[in-house]
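*Asks:* Those sequence lines, one after another, are chains A and B. The first sequence begins at 4 in my numbering and counts up one residue at a time. The second sequence begins at 27 in my numbering and counts up one residue at a time.
Be a bit skeptical, because a hint or two may be false.
As the list claims (entries may be wrong) - Derived Cβ-Cβ restraints for the label pairs, each shown as a range:
(1) B:47 x A:668: 24 to 32 angstroms
(2) A:79 x B:119: 38 to 46 angstroms
(3) A:103 x B:115: 35 to 43 angstroms
(4) A:189 x B:64: 30 to 38 angstroms
(5) A:123 x B:123: 30 to 38 angstroms
(6) A:28 x B:168: 47 to 55 angstroms
What the hints contain is simulated information worked out from the structure, not anything from laboratory work. Note that CB positions come from ideal geometry on N, CA and C, so glycine has one too.
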Amino acid sequence: MAKIEIDGKQVEIENGRTVIEAAHLAGIYIPHFCYHKKLSIAANCRMCLVQVEKAPKPLPACATPVTDGMKVFTASEQAVKAQKGVMEFLLINHPLDCPVCDKGGECELQDLAVGYGSSASRYQEEKRMVVPKEVGPLISTKEMSRCINCTRCVRFGQEIGGIMELGQAFRGEHAEIMSFVSNSVDSELSGNMIDLCPVGALTSKPFRFTARAWELSHRRSVSPHDSLGSNLTVQVKNNRVMRVLPAENEEINECWLSDKDRFSYEGLNSGERLTKPMIKQNGAWQEVEWQAALEYAAKGLRQIADGAGAEHIGALATPHSTLEELYLLQKLVRSVGSDNVDFRLRQSDFSADGKQAGAPWLGMPIAEINTRDRILLVGSFLRKDHPLLAHRARDAVKKGAQASIVHSADDDLLMNVANKAIVAPDAMANVLAQILKALAAEKQAVVEASVQSAEVGSAAAAIAKSLASGERVAVLLGNFAQQHPQAAQLQVLGQQIAALCGGKFGFLGEAANSVGGHLAKALPRANGMNAAAMLAAPRKAYILLNVEAELDTHNPQQALVAMKAADLVVALSAYKHQATDYADVLLPIAPFSETSGTFVNTEGRVQSFKGAIKPLGEARPGWKVLRVLGNLLNETGFEYDTSEAVRDEALSGVDVAAQLNNAVQGVALETAGAGSGSLQRVSDVPIYSADAIVRRAASLQNTRDAEAPCALMHGAELSRLGVHAGEQVKVSQGEGSAILVAAADDRLPQGVVRVAAGHAATAGLGAMFGAVTVEPITGGRA
Amino acid sequence: MLSQDAIQKIDREIAKYPAEQKQSAVMAALAIAQMEKGWLSTETIEAVAGHLGMAPVAVYEVASFYNMYDLAPVGKVKITVCTNLPCALSGGVHAADYLKQKLGIGFNETTPDGRFTLKEGECMGACGDAPVLLVNNVRMCSFMQPEQIDRLLGECQ
Ligand code: SF4
Ligand code: FES
Ligand code: FES
């Protein structure tokens, strides 16, 4: 600890910290640009010069370590003179175009120029100009002449994003921030560079010139996308969401946002929004009053419950729905006598149902990921499924952790991966069994016979060795593992592996409310049908909550057949989507920005939020719609005045922490190796296809990550089929097929074809896993 | 892209640093690549980046920072004149002007016969010898008054 004095205030701070940190601790502001608490020290802007006793010249506070007894003056004559001098230099080449600058009003340079700049410039010569370059649909570098070369954006890429896409080329007054040649910036965290830029050199393309910072009112909210539950500041003008920025929460998203969380708001303002209730009559859609639509739906449901029986009613919701919506949906379905309700739409293996001790969750606080020294990732497209959790894992690896992966694809995680076992989906359980066996040998533990019979390969042995030497191990199951047809097996094996090394075991929840759905009890209990069963054995009536049947389910083919066969489909949705083909009633409900609600993130944190704006058109919050439906069905217990009342009822008597439990008991292990011999499908849900809002976010849809899905195969697989990369192939599964462009990815295992799910181009296909056939299309060069 | 020989030379440079700090060899690697190719094209920079496990833009930062690296083809004789402040105060700019007039080209230009390229350089750490210039990145020439420049150009014809 060092005791130092800043402007007469005593501060005590650990040795090795810097003067600027000590000042912040003491509540003293030192002007700065290049310094950022999350980034390395560059000390290149010189704005933070302060006077230090006994130092002959002013020193940069961001790069000067504290020493015991140090006396610092941040506002002495010497310091202020230095700061003013630096400001004059910074403004020499700055265009001073604040009136037309997007950053105006929230610009660090503008703010500090008020404090340290002079009212007139002594510089009469020509200012430098930087020719702007194109870097993609999200970030504009049009006004790169504004750059003060602080390199925050560059350091962000190197240190947080994990990929350096912007760099500072040339030198001196010619120094320029740019991407290599004409590359675009493709990182899924790229938007953070806009926030970091202390001037208006990097601006948000979707937001540019649509509002001034001071016109926007700020509303706190929570991201509806991945299971991190990023805290948002939703910025609003004229009852329209104009942009979304991070709300800092060190334990969740720190000061960052993924591009999905940041730019998805464009989907909220999409032209596809459903703004009026609609009923299909004689095959034609008609806009109707709420009362008529709700009565129609209630009557239909009542008829089926009374006629065919309540078990012929099924309810499906996406895990992006709020806790309140999910709770009321299950309450509604159960009150009419059905137990068929589920939100786990992309799951295919339900064999752990009823054997699961509680709600599957991360198994630890989010922030603990950074402190792990061994991480085993099973079946996860981590970077795209959980961009900021990937950043935390990257951070752990940077600090020395060893990451190992077991997966059916080998996408670049932008971190060092110590060991990997990349195998076809049907071999994953066996690989985990191998790891378990090898680990048991290391730890001198006994494992059951089915595990003993696994033959340990070199990759599994290496992973086991790495895990065995760890002190803080985490075994994490990603989306792919949860959607896997042997998800329960993977769970049991993963859990045993974690237990053997005294580590944590957890699920990287798929969506914003993957934990919340469990707490809301929106899944079948005793004799109800789960999501897959409800679609495999078509019901007479479906209630869909935010669901696009062909995009949100594990098997779109089956889902569509079920929808089309049903007598009644009531779709509650914020969008007018494909349900027009099969639904009978469309009820416009509000997306997260227009309703209050609650998401429970993957670490089990209950986060409630208020609506940022009023619902668009006649859309209404989902919880209200479900409440009225309950009333119309003459059910009691649907008298809620607020969403808080719904939440409180849903969570009353629920000890959330106690509910979070990954333990599963009574699932028998079958770890026999692969062996179907046929080509297997591997599917990811592309980052910008995962939910209804992001699918309609125009700018995100123009990114590289949203490019049309291909049929990706190992080069050897392509030659076996006699196709060349770039040619069109016909991918068939069950009754359906899709024409896709074949592409080579030699990091895939052989025997698989990777075809994305959740995308219109592949919605004609069947399950996300399983056998597929790929045939060349003669003369089909794309 | 790069010849086996160049790769070998680069690997020898890489071996001088700890395995996880391959990138320390970037300057040497670029010099070797430039020696072979004459200048550093986008493809060459990408090849060097790939070999060192670096982001291409990080290699480009280095290649564009030092003016010994050429991002475009240059003539047989590249003359780099220092015009930084100390030199500028002691005739550096005059030397450059003289060269421009003699060769009939400006900075970053090459004579039509492909013989000479003129570049503006940064401080070469020889301010006391101003004006200074560098021939083909390796030959340092001091006290370059017109007479000396004439002699140099004669030698290089
Ligand atoms: S673009 Fe912005 S963040 Fe990047 S160096 Fe310039 S001023 Fe800094
Ligand atoms: S903030 Fe200290 S030098 Fe930039
Ligand atoms: S300024 Fe020219 S050599 Fe130093």
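*Asks:* Run every hint past the structure and note whether it holds.
*Replies:* Hint-by-hint comparison with the structure:
1. B:47 x A:668: 24 to 32 angstroms: violated, 49 angstroms
2. A:79 x B:119: 38 to 46 angstroms: Roughly 40 angstroms apart at Cβ, these two residues keep to the hinted range, so it holds.
3. A:103 x B:115: 35 to 43 angstroms: holds, 40 angstroms
4. A:189 x B:64: 30 to 38 angstroms: holds, 32 angstroms
5. A:123 x B:123: 30 to 38 angstroms: Once the Cβ atoms are compared, 34 angstroms apart, the range 30 to 38 angstroms for residue 123 of chain B and residue 123 of chain A holds.
6. A:28 x B:168: 47 to 55 angstroms: The hint (47 to 55 angstroms, Cβ to Cβ) holds, given that residue 28 of chain A and residue 168 of chain B are roughly 53 angstroms apart.
Hint compliance for this structure: hint 1 alone is broken.
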